[in-house]
Amino acid sequence: MSLVNINVVVPWQIRKPAAVRYLPEVYVDEFFKDGTLRLPSFRAFRQHKEEQRLDTNEGMTYLEAPPGDGTATLVVAPLHPRLIAWVLSTSTIESATLRDTFQVDSGFRITNVMQFAVYIARHLPGCTHGIQGICDYRELPSLMVHHRDTFDMPHFGETAEEHHWRMERLRAPHQYSALLVKHLQYASQSEYRIVWFCMGSNPDNHITIHCPEARDYCQKLEPRASPTSPVNSDSTS
874 MSLVNINVVV PWQIRKPAAV RYLPEVYVDE FFKDGTLRLP SFRAFRQHKE
924 EQRLDTNEGM TYLEAPPGDG TATLVVAPLH PRLIAWVLST STIESATLRD
974 TFQVDSGFRI TNVMQFAVYI ARHLPGCTHG IQGICDYREL PSLMVHHRDT
1024 FDMPHFGETA EEHHWRMERL RAPHQYSALL VKHLQYASQS EYRIVWFCMG
1074 SNPDNHITIH CPEARDYCQK LEPRASPTSP VNSDSTS
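Read in our numbering, the sequence shown has 963 at position 90, and its numbers run on one by one without any break.
I should point out that these hints are in silico values taken from the structure, not numbers from a laboratory. Heads up, a few of these hints could be off.
[Unchecked claim] Calculated cross-link-like contacts (lysine to aspartate or glutamate; reagent style EDC-like; alpha-carbon spacing at most 16 Å):
| hint | residue 1 | residue 2 |
| --- | --- | --- |
| 1 | Lys1093 | Asp1009 |
| 2 | Lys1093 | Asp902 |
| 3 | Lys1093 | Asp978 |
| 4 | Lys906 | Glu1034 |
| 5 | Lys906 | Asp1089 |
| 6 | Lys1093 | Asp907 |
| 7 | Lys889 | Glu1086 |
| 8 | Lys906 | Glu1031 |
Using the sequences and the hints given, assemble the complete structure.
In structure tokens, the structure reads:
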């Protein structure tokens, strides 16, 4: 585990967790061979065929604020349409049980998530920024933000563009936090998520990159030890 040093009133340290990416061994071997890594988008998350990884509310935000008449209202604010979000889901838990839950036989440990993520960013077209962190788990998986400012229909004399950007200013500060919120039923996964944001459009749900530099911050998980046959102390030769 690595630590972040911060000089405030007194020296302070933040412990950064190692993260484990669970994968079939064939993909793990490809990664350590030449840095091949396949990243899904948030759209792919909503369509995942495996029940343990399916969450149709991924990346959604609900802003609650008083409109002009004083009653509450909800606005669904997803990720900005001009941004592509590529995701790597890892876990802070390293265990054979979780590996079996994902129905895979291998994986790799990321020892320095920030350095790993920075090198990956250099190989993603149009990457502008990113975020990493441990996911929050809630019964209502979408992020609910209680906003003090009002939002409602366009104001008198306000153009459509002005109204759009007024709504954008309300939504934008919260969109990234929403990407780290999951339903409580997935809490056993203890997900540590890395997200890269790229400008542009991509019709695919996945992207495959080659980033050999990222291997320097990863370790292949040790294969599970096979059970040994018990020794019969009563046996004779």
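Structure-based check of each hint:
no.	hint	verdict
1	Lys1093 / Asp1009	27 Å, violated
2	Lys1093 / Asp902	9 Å, holds
3	Lys1093 / Asp978	12 Å, holds
4	Lys906 / Glu1034	50 Å, violated
5	Lys906 / Asp1089	12 Å, holds
6	Lys1093 / Asp907	14 Å, holds
7	Lys889 / Glu1086	20 Å, violated
8	Lys906 / Glu1031	57 Å, violated
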